Amino acid sequence: MSFIHLSLISIGSLFLAVPIALHLAMRQKARHQIFPALRFLQLRQTTNKRRLQLRQWLLLFLRCAAVLLLALALARPSVASSQLSQWLVTGGQGILLLVLVFVTITAFVYRRGWLLIVPLFVLILLVTGSLIASSVAIVRGESPVFLGDSQAPIAAVVLIDTSPRMSYLYQNQTRLEAAKETARWLVLQFPQDSDVAVIDAESNVVAFAVDAGAALKTVDSTQVTFQRQPWTQLLEQSLELLQQSDLPRKELYIVSDLTRQTWGDSITAGFAQKLSQAGNVTVQLIDVGVTEPRNDSLNTLELADEMLTSGGAMNLRVSVEREGPPSHCTLELSLETDEDRDPIFVDGELQLPETSVRRRVELELEPGIPASANFQLPALPFGTHHGYVEIVGDDALPLDNRKFFTVHVRSAWPVLIVSDDRVTSDLLNAVLSPTGFAGAKFDCKVVDTNQLKNEKLDNYAAVALLDPPPLDEFVWETLKDYVQAGGGLAIFLGRNAESAVRFNSKAALEVMPGAIDRQWRDDEGLFLTIRDFEHPMLRIFSDARSSIPWDSMPIFRHWVLGDLAESTAVLLPFSNNKPAIVERLLGKGRAIVVTTPVSEIDGPGRDPWNQLLNSTDPWPYLMLLDRLFLYLVQSQDAPLNYLTGQVAQVMSPSTDSQRWPLLTPRGDWQDVASLQGQLRVPFTDEPGIYRLKIDLASETPRGFSVNLAGEETRLDRITTDQLEQIFGEDAFRIARERSEVVREIDQARMGREFYPFLLPVLALVLGLEFILANRFYSH
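The sequence shown begins at 28 in the numbering used here and counts up by one.
Calculated directly from the structure, the hints in this document are not laboratory data.
Among the hints, erroneous ones may be present.
[Said to hold, decoys possible] Straight-line alpha carbon distances no greater than 25 Å define the calculated DMTMM-like cross-link-like pairs of lysine to aspartate or glutamate that follow:
no.	residue 1	residue 2
1	Lys-533	Asp-570
2	Lys-301	Glu-751
3	Lys-615	Asp-634
4	Lys-472	Asp-485
5	Lys-244	Asp-550
6	Lys-244	Glu-267
[As the list claims (entries may be wrong)] Taking CB as the label site, the calculated pair distances span:
no.	residue 1	residue 2	range
7	Gln-200	Ala-700	40 to 46 Å
8	Gly-755	Gln-697	43 to 49 Å
9	Thr-746	Arg-211	26 to 32 Å
10	Arg-707	Ser-248	48 to 54 Å
11	Gln-198	Gly-240	27 to 33 Å
12	Gly-466	Met-678	18 to 24 Å
13	Gly-755	Ala-800	35 to 41 Å
14	Thr-357	Lys-483	33 to 39 Å
In this text, all values refer to a predicted model and were calculated from it rather than measured experimentally.
Note that the Cβ used here is the ideal one computed from N, Cα and C, for glycine as well.
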């Protein structure tokens with residue numbers, strides 16, 4: 028058999044697959060039809076399965092959380108107390124986040140709609156962000172580590188308050204004794220191998236002790252100090268020392284009576300910021316003070332004059348303050364009776380000159396209201412006199428019951444009064460050196476202006492120019508040298524100055540506080556006005572400041588000064604604010620210019636410049652002149668009464684450079700070098716009388732007195748708000764009893780435990796697990 032187109036048979040065989048494929052594709056299939064009741068059951072089965080899984084996961088989470096919380100509570104974790112609140116907030120945020128996640132999953136499973144799910148998701152994001160921020164803050168905080176072992180070595184500094192107020196006696200024990208007992212107990216409580224330092228106001232070298240025994244010796248040697256370092260410096264030194272230690276735990280203990288005066292220089296010193304930057308330093312304040320103190324204190328002692336002339340009277344004033352209920356006290360003024368005898372040692376004990384009570388005053392005291400008493404001793408003999416005023420009887424703080432004083436009686440100061448026939452010196456001479464008055468402070472000599480160049484000015488304590496005319500260059504240069512060497516110059520300007528051009532020579536301007544410019548006239552009359560009652564020349568008027576009749580002594584004319592020179596001050600102005608009394612410091616001395624005269628001669632056809640001395644009641648101006656010249660002559664005299672810590676200066680008995688023995692209140696002799704005619708004594712840290720051993724016939728004072736400042740014994744206590752300004756909020760703890768100290772130490776070293784916070788959470792989780800398990804598996 029043969030085929031014409033055999034290839035077509037092959038192609039046709041291939042196309043045979045087409046109908047077969049169409050048949051297979053187009054054949055009718057059986058349709059599965061689900062019965063509606065069965066479809067509902069299937070959907071219900073899926074939903075119930077999801078709910079069951081959610082309940083199982085929830086129960087599993089609660090049971091795992093209960094086991095984890097139980098293990099965590101038994102482990103007793105703790106953190107630094109300062110970070111407890113941060114950890115609690117972070118933990119609360121974590122629990123809130125878990126609750127929100129569970130609620131969101133539940134809403135999704137139960138298909139509650141996107142209106143509920145989306146807000147929940149946003150809340151989850153917000154809480155997550157807050158949780159991350161809190162965690163970062165803890166990690167970057169001062170003490171992000173957990174605490175634990177209370178016996179691990181620490182670095183500790185014990186700062187003991189040794190101020191005079193710590194001498195307060197309470198329950199037969201001074202506050203310093205109580206502080207030392209507490210400090211000893213603290214040192215013995217520190218773990219072994221700890222770095223321990225004991226610091227007080229006299230600590231020259233701040234360092235850790237070699238061992239606990241050395242620290243205890245430092246505690247035992249602590250005593251009251253009258254010249255202390257600033258409290259801010261002590262705090263900063265303590266902080267720096269703690270930072271030098273490699274031990275992780277650092278503790279600062281401050282044992283103090285917490286009186287306000289102790290911390291006065293620290294409240295605004297910025298220590299809180301330094302403490303915050305230092306890191307993990309625990310500050311513990313141990314209060315050994317008395318909450319309701321009672322004390323009578325001699326606050327101030329003021330002498331009208333420290334340098335007296337023979338026959339003059341000593342006037343002294345003291346003020347007393349009371350802390351506690353109203354009371355009364357007796358003051359006694361005692362003076363050494365044998366000033367010519369030097370102290371001697373008998374059987375190793377210092378025997379001081381005997382004293383006798385010269386005056387006694389009774390005072391009634393009200394709390395917070397200073398009471399004052401005045402004492403006067405007339406006609407003291409020549410020489411140096413030491414004494415004291417004291418409160419009779421004992422109280423809790425004896426350190427402020429006595430104030431010492433020193434006065435020196437010498438011959439009258441020589442004063443040179445320069446005038447001419449156009450003015451009179453009788454008025455000023457009568458004021459400064461009254462005829463027949465044994466107690467005159469000044470010995471005046473009057474010379475004519477033309478004779479001034481012939482006088483040896485070094486023989487005079489002060490020189491007064493009464494209404495001087497224009498002077499020669501040589502005279503001005505002589506006056507300048509005299510003032511620079513320590514002399515006092517008073518210039519009373521008047522009509523004789525004539526022309527400003529002639530008077531204002533180059534040499535004159537090197538002495539004058541300023542060039543004279545013009546005359547000021549006021550027919551109604553000006554008067555003097557005191558604005559600075561603290562100036563030594565004007566302090567005497569402070570008690571009568573409201574009753575001084577300056578307006579009864581009018582000034583009609585005065586000179587006006589131009590631009591004032593350097594080192595110049597206006598001591599007293601007129602009522603028109605123009606300078607009345609002006610001072611210029613030159614070298615060791617001073618020149619004072621009064622711009623209206625004190626020596627004018629009244630005559631026909633001459634209008635008076637003022638009525639300062641010829642008024643009906645001139646006593647204020649008489650006192651002013653007396654104080655002015657005392658101020659001038661005492662420019663060379665060093666003070667005789669000081670406060671603790673001040674550098675004392677005493678005129679040397681000889682201009683030769685040599686050393687002089689000085690007896691301190693402690694009873695030890697110190698050699699003091701004389702330099703340029705002065706003895707400088709920098710070691711005045713002990714209240715009492717310092718005595719120089721020099722010739723009894725010398726005009727030089729034979730010693731000086733040192734007292735404690737009144738505010739150094741004030742017992743008002745510092746407030747918590749002020750302590751927060753020093754250390755910062757929540758940066759310190761205060762304890763009064765040792766049990767409180769132990770509790771605070773445990774909290775500082777162990778931190779605050781989470782145990783009391785974990786147990787309630789564990790109970791809540793167990794309760795939820797019990798309720799949900801019974802509810803889920805009730806059938």
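Against the structure, the hints:
A threshold of 25 Å between alpha carbons decides the hint, and for Lys-533 with Asp-570 the separation of about 42 Å lies outside it, so the pair is violated. A threshold of 25 Å between alpha carbons decides the hint, and for Lys-301 with Glu-751 the separation of about 14 Å falls inside it, so the pair holds. For the proposed pair Lys-615 and Asp-634, the alpha carbon gap of about 39 Å is over 25 Å, so the pair is violated. Taking the CA atoms of Lys-472 and Asp-485, the gap is near 14 Å; set against the 25 Å cutoff, the hint holds.
Note on Lys-244 and Asp-550: the hinted pairing is violated, with a Cα-Cα distance of about 78 Å set against a maximum of 25 Å. A C-alpha spacing of about 23 Å is found between Lys-244 and Glu-267, which places the hinted pair at or below 25 Å, so the restraint holds. For Gln-200 and Ala-700, the Cβ-Cβ distance of about 43 Å falls inside the hinted range of 40 to 46 Å, so the restraint holds. Between Gly-755 and Gln-697 the C-beta distance comes to about 44 Å, which sits within the given range of 43 to 49 Å.
At roughly 29 Å, the beta-carbon separation of Thr-746 and Arg-211 lies within the given 26 to 32 Å, and the hint holds. Between Arg-707 and Ser-248 the C-beta distance comes to about 29 Å, which lies outside the given range of 48 to 54 Å. The hint said 27 to 33 Å for the Cβ distance between Gln-198 and Gly-240, and at roughly 29 Å that hint holds. Checked against the given bound of 18 to 24 Å, the beta carbons of Gly-466 and Met-678, roughly 23 Å apart, stay inside it.
Taking the beta carbon of each, Gly-755 and Ala-800 are about 50 Å apart, not inside 35 to 41 Å as hinted. A hinted range of 33 to 39 Å for the beta carbons of Thr-357 and Lys-483 is inconsistent with their spacing of about 52 Å.
Of the numbered hints stated above, those contradicted by the structure are hints 1, 3, 5, 10, 13 and 14, listed in ascending order.
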